[in-house]
Amino acid sequence: MSNGSGRTDIVFWSGNEIVAEAAIAAGCRFYAGYPITPSSEIAHVMAERLPEVGGTFIQMEDEIASMGAIIGASLTGKKTMTATSGPGFSLKMENIGYAYMAEVPCVVVNVMRGGPSTGLPTALAQADVMQTRWGTHGDHPTIALTPAYHREIYFSTIKAFNYAEKYRIPVMLLLDEVIGHMSEGMKVPDPSEYEIFNRIKPSVPPEKYFPYDSSFGDVPPMASYFEGFRFHVTGLNHTKTGFPTTDPDICQREEERMIRKVMKDAEALADLEEYQLDDAEIAVFSFGSTARGARVAVDEARKQGIKAGLLRAITLWPFPDRQVHELASRVKAFVVPEVNLGQMILEVERTAHRDMPIVGVNRVGGVPIPPYEILSKIKEVARNGR
Amino acid sequence: MAVDYLHYLRADKLPHMWCPGCGIGIVVKSMIGAIDALGWDKNETAVVSGIGCTSRAPGYMDMNTLHTTHGRALTFATGVKMAAPDKHVIVIAGDGDSSAIGGNHFIHACRRNIDITMIIVNNNIYGMTGGQFSPTTPYGAKAATTPHGNIDPAFDLGQLAIGAGATYVARGSVDNGRMLQKYLKDGMAHHGFSVIEALSNCHTQFGRRNKMSDPVVMVEWIANKVVTKAKAEKMPPEELEGKIITGELHRNDERPEYTDEYSQLIQRVQKKAGVHQ
Amino acid sequence: MSNITRHYAQGKDIVIIIDRNLCKGCDICVQVCTPGTLELVDAPDKWEGSVVQVKDVELCNFCRLCEIQCPDFAIRVVKKAEEEGLTMAKGKKTSAE
Ligand code: SF4
Ligand code: SF4
Ligand code: SF4
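Protein chains in written order, with numbering that gives the first Met the number 0: chain A, 0 to 385; chain B, 0 to 276; chain C, 0 to 96.
For reference, chain A alone in the conformation it holds in the complex (with noise of 0.2 Å):
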């Protein structure tokens, strides 16, 4: 039996079980899902938890139903969240693009696994990164969660639904297998550790009320269905009406909006861990359970004599361009270990933007990457310069 929000005891959760418990202490009261490994240790305390707080859990006849469902409720203006891995990923692609377009909040949770295609459904990676970011047709904003540690994705979560409201838009919640079913013990945050942001609600009355009047700001107040405000949502290109438009200038206007609602706030947004970077002189660029390795190896390095440090994204998008353009030019070079073919270095490479050794530690047979690579690679760059 799971426990509920509120313990103050230690848990003993899996990684999966406290993103379901955070987001019902975020306020989440509808989970639409369809099973899926490595995630779907979610949809089962959603389907057990749920109900005993009013809220609602569906299992869905597949992947892109769970998403239109999600949608759909968040308008109603519930909280909403969905669970899939790479697969399940793909599939609500087209349906993450409608939440983004209409701007509508929820939650999407990725438990990674090995891929293309059904690859190893229950092993470990980090490849879907570059499609978190760039998955659905089109341009848009991504916010998207890394968390490594437990306590950490507790309160990614909250974060990633505070996000959703805030920015009006789907958050990424980005888990790989290895965080999503590795169990820690854990203290479970108390709710004074932590904010909650609820969507803000239109001041104004119906007649006045327009679902993307951006005379409010950036994020224009939300209505829900059924609240008097009669409006109108749709996948297409849109004015502040929410009526469908072609007008060129418009269409612009509007999108630069979009990217702009998240993107003014990328400080904001990184969320970082820097660990031994006060002095360093080879950086180690990570994010999620590849970073518990990495920063062993770092500390092993440290220990034979070399400088090294760890940069590693809590929040990986937006991807924090300023500060690892800084640290790129006190550090000599980069090594970038994820579980993936080399996705993250070329953001690193981009946004270092300098001729510096940067190089990955790469693997994607489903295993964790040693931290002895990871060290040999920092070895290997101290000593040859690449």
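Since the hints were derived computationally from the structure, they do not count as laboratory data. Errors might be hidden in some of the hints.
Said to hold, decoys possible - Covered stretches of chain C (in silico footprint by chain B; criterion: 3 or more residues with CB under 8 Å from a CB of chain B, positions within the stretch not fixed):
{"hint": "1", "segment": "11–25"}
{"hint": "2", "segment": "32–40"}
{"hint": "3", "segment": "58–69"}
As the list claims (entries may be wrong) - Chain A is faced by these chain B residues, among others (derived, beta-carbon under 8 Å):
{"hint": "4", "residue": "Gly-78"}
{"hint": "5", "residue": "Ile-265"}
{"hint": "6", "residue": "Gln-269"}
Claimed, not checked - With a Cα cut of at most 16 Å, we get these calculated EDC-like pairs of lysine to aspartate or glutamate:
{"hint": "7", "chain 1": "C", "residue 1": "Lys-89", "chain 2": "B", "residue 2": "Asp-3"}
{"hint": "8", "chain 1": "B", "residue 1": "Lys-271", "chain 2": "A", "residue 2": "Glu-51"}
{"hint": "9", "chain 1": "B", "residue 1": "Lys-271", "chain 2": "A", "residue 2": "Glu-47"}
{"hint": "10", "chain 1": "B", "residue 1": "Lys-270", "chain 2": "A", "residue 2": "Glu-51"}
{"hint": "11", "chain 1": "A", "residue 1": "Lys-207", "chain 2": "B", "residue 2": "Asp-61"}
{"hint": "12", "chain 1": "B", "residue 1": "Lys-41", "chain 2": "A", "residue 2": "Glu-206"}
{"hint": "13", "chain 1": "C", "residue 1": "Lys-89", "chain 2": "B", "residue 2": "Glu-43"}
{"hint": "14", "chain 1": "A", "residue 1": "Lys-239", "chain 2": "A", "residue 2": "Asp-212"}
{"hint": "15", "chain 1": "C", "residue 1": "Lys-78", "chain 2": "B", "residue 2": "Asp-3"}
{"hint": "16", "chain 1": "B", "residue 1": "Lys-270", "chain 2": "A", "residue 2": "Glu-226"}
{"hint": "17", "chain 1": "B", "residue 1": "Lys-41", "chain 2": "B", "residue 2": "Asp-61"}
{"hint": "18", "chain 1": "B", "residue 1": "Lys-41", "chain 2": "A", "residue 2": "Glu-226"}
Quick reminder that beta carbons are idealized off the backbone N, C-alpha and C, glycines included.
Since the structure of chain A is already known, use the hints to place chains B and C with the ligands on it.
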């Protein structure tokens, strides 16, 4: 009493985008007549659609309206209904939208028996994308993607809905708006998943390729093709050849409705949890 | 010129209301009207090229088939007492204006 149609419409959006004589307008009108007859409040009603000519209907309706992705209207609608079970949720979809790309959602909504009214405007073609054949295009008919005649067997949407578990299924046609309105009203009033198929004319895409480019001619073609259930029962099988039966095709008031089931589940769970507290 | 014309029968309590702006001249109402109350006329100002008009309101038998079958909400047949409460499209202007 006269129905004040424009009270239910976003009158500033008219005239609508549909071709002159397009049957979708007749379906929407019948739908408004049914909503009016039932006294449903605009604020308490959501109209959800997918993609296609039919799916532009919600944009004209002065309600809580949701124009979603192709084939997925029922998934969004299920979310709306599960989150707000006491509100009215109507889905309006075309034949391709509901039975091709959205076929999976369709059968599962039927199976759950969730209290949503699904109106399928069946005009046997993909109108908006340029006249490609759909799962309901008749055998042998011409479409943009069947220039040599259609070899795909057609779905009987009513039978599909009944087989999948819908608890109210009826078929009407746009040549008879009054009858259509009656089935829409009964379907909306029904507590469970109801499917009302409205046989409609797309003279622009279907008719044009099949010698019926005039809406009047095509509506007449539909009128000649349909036979009411009552009449059909008295007709010999050879006369029924090629005819489509309209009327209330199926009704089951016994099966539990899905949101009722879920709210009972919540009560059960909370009662049990209460014992522990 | 208003888009909306109202035709009052003399002998009976019937009003036919036509919104010329909404009419697309599809001919459906004319064909369903058995007494021949309605007709289609050329309307070069409308892109559809034709529009409905009342030929003889006195012929109307209040069957309301035209209203029910019009896909465009362009024609209504009501009692005088019902006329008042009807919402009218203000909306877009016709190309003639
Ligand atoms: S293309 Fe066909 S379905 Fe679409 S509006 Fe025209 S007649 Fe109607
Ligand atoms: S049916 Fe309606 S749109 Fe067609 S001609 Fe008559 S009034 Fe005009
Ligand atoms: S109400 Fe009947 S008789 Fe009168 S104009 Fe309309 S169709 Fe003709």
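Has the given pair, Lys-207(A) with Asp-61(B), been kept, meaning a C-alpha gap of at most 16 Å? holds (15 Å)
Quick one: see if chain B covers the segment 58–69 of chain C, three-plus residues with Cβ-Cβ under 8 Å. Result for this restraint: holds, n = 3.
If you draw a straight line from the CA of Lys-89(C) to the CA of Asp-3(B), is it 16 Å or shorter? holds (15 Å)
Given the hinted pair Lys-41(B) and Glu-226(A), is their Cα-Cα distance within 16 Å? holds (11 Å)
Given hint Asp-212(A) paired with Lys-239(A) - CA-CA distance at most 16 Å: holds (5 Å)
Holds or violated: the hint that Gln-269(B) contacts chain A, with Cβ atoms closer than 8 Å. holds (6 Å)
Take the C-alpha atoms of Lys-41(B) and Asp-61(B), compute the straight-line distance between them, and say whether it is at most 16 Å. Distance ~7 Å between Lys-41(B) and Asp-61(B) Cα, so the pair holds.
Verify the coverage statement for the segment 11–25 of chain C against chain B, using a C-beta to C-beta distance below 8 Å and requiring 3 or more qualifying residues. holds (count 5)
Lys-271(B) paired with Glu-47(A) [C-alpha distance capped at 16 Å]: Roughly 12 Å separates the two Cα atoms, so the pair holds.
Mind checking the alpha carbons of Lys-78(C) and Asp-3(B) for me, to see if they're no more than 16 Å apart? holds (13 Å)
Sort out whether Glu-43(B) lies within 16 Å of Lys-89(C), counting only the CA atoms. violated (25 Å)
Quick check on Gly-78(B) please, does its C-beta sit within 8 Å of some C-beta on chain A? The hint holds - Gly-78(B) has a Cβ within 8 Å of chain A, the shortest such distance being about 3 Å.
When held up to the earlier numbered hints, the structure conflicts with 2, 13, 16 and fits the remainder.
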